[in-house]
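**Student:** Read off the chains here:
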Amino acid sequence: MPRFFIDTDDGDLSVPDDIGRDLPNAQAARRLALAAFPDMTGDQLPDGDRRTFSVRIRNEEGTPIYAAELVLTGEWLVPPGG
Amino acid sequence: MAEGDYAARTRIILDGWACRWKGLPNGQRQITELLLPGDICHAHSGMLLRSDHSIATLSTCIIAEADPTELTALLKQRPMVRQALRWSSLQTNSILRTALVNNGLRQADQRLAHFICEIWARLQSVGLAKDGAFSWPLTQIDVGEIASMTSVHVNRTLGKLRRDGLITLHKRRMSLPDMARLAESCDFRPDYLHLKAELGSSDP
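From first to last, the protein sequence lines are chains B and C.
Numbering (my numbering) for the first sequence: 132 to 213.
Numbering (my numbering) for the second sequence: 2 to 205.
Because the hints were derived from the structure by calculation, they are not lab data.
Where is the CB? At the ideal position from N, CA and C, for every residue including glycine.
All the given hints hold, so there is nothing to weed out.
If the Cβ cut is set under 10 Å, some of the chain C residues that face chain B in the computed set are:
{"hint": "1", "residue": "Gln-108"}
{"hint": "2", "residue": "Thr-140"}
{"hint": "3", "residue": "Gln-141"}
{"hint": "4", "residue": "Thr-151"}
{"hint": "5", "residue": "Ser-152"}
{"hint": "6", "residue": "His-154"}
{"hint": "7", "residue": "Val-155"}
{"hint": "8", "residue": "Arg-157"}
{"hint": "9", "residue": "Leu-159"}
{"hint": "10", "residue": "Arg-164"}
So these bits of chain B aren't anywhere near chain C, every CB distance computed over 10 Å:
{"hint": "11", "residue": "Asp-180"}
{"hint": "12", "residue": "Pro-195"}
{"hint": "13", "residue": "Val-202"}
Sequences are here, hints too, so could you generate the full structure?
**Tutor:** See the structure below:
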């Protein structure tokens with residue numbers, strides 16, 4: 132099975148994957164990378180109205196093959212009070 | 002040893018790490034408990050016909066097997082062994098309760114910190130952790146299946162604990178340079194492990 136490296140960034144901490152994981156194909160790597168978003172948001176939110184979470188997949192040669200971002204954009208429509 | 006099998010023999014881990022786990026039809030797996038050296042599985046297998054969970058090794062293990070009928074005889078003759086087994090069951094319950102709270106309520110860094118503290122305390126109690134360092138055979142996938150998070154997030158979270166100077170992980174060996182700070186970071190109090198229980202204080 133080919134090895135994929137999944138780098139992640141939650142806006143505070145960027146963690147390059149230096150171990151990698153063996154997966155059947157690039158689609159499986161994409162599924163795993165996207166599945167990390169709920170874990171990452173669960174740790175950071177709620178915290179402000181602006182945050183970008185990102186993941187990036189590299190193949191065995193170190194070439195980036197997929198990238199995804201999840202962006203929070205919050206905005207008050209009336210002043211919150213309190 | 003798979004879920005649904007007849008749990009015919011009692012097994013005791015002499016060396017290495019194993020686990021109890023359950024899974025879903027879609028292949029997802031939850032490791033419910035780690036079995037560390039000294040731990041016993043299926044001690045009361047005579048009572049429950051079929052196992053409700055699977056057991057798997059997580060490293061090379063040395064495992065002793067005992068015939069449950071001989072064990073039953075031993076328990077009749079030796080009240081201290083009976084108490085020790087009862088203590089072991091109570092401790093397992095307590096570890097499970099704590100894991101439910103840990104996985105359900107704590108955010109990832111505190112969750113893994115608490116899990117690491119627990120492993121340290123358990124290994125320390127059987128003489129397998131010296132100066133805050135111990136063997137760590139778990140893959141990031143294993144840790145994810147214990148702590149209910151993706152292996153990607155395990156990588157992130159271990160990276161964070163490393164950056165904060167709370168752990169070092171090198172060649173399958175975990176070191177805790179500042180045990181007090183690690184324990185404080187996740188509110189780890191080892192009382193739930195009941196490591197100082199007094200056997201013999203009351204016959205069950």
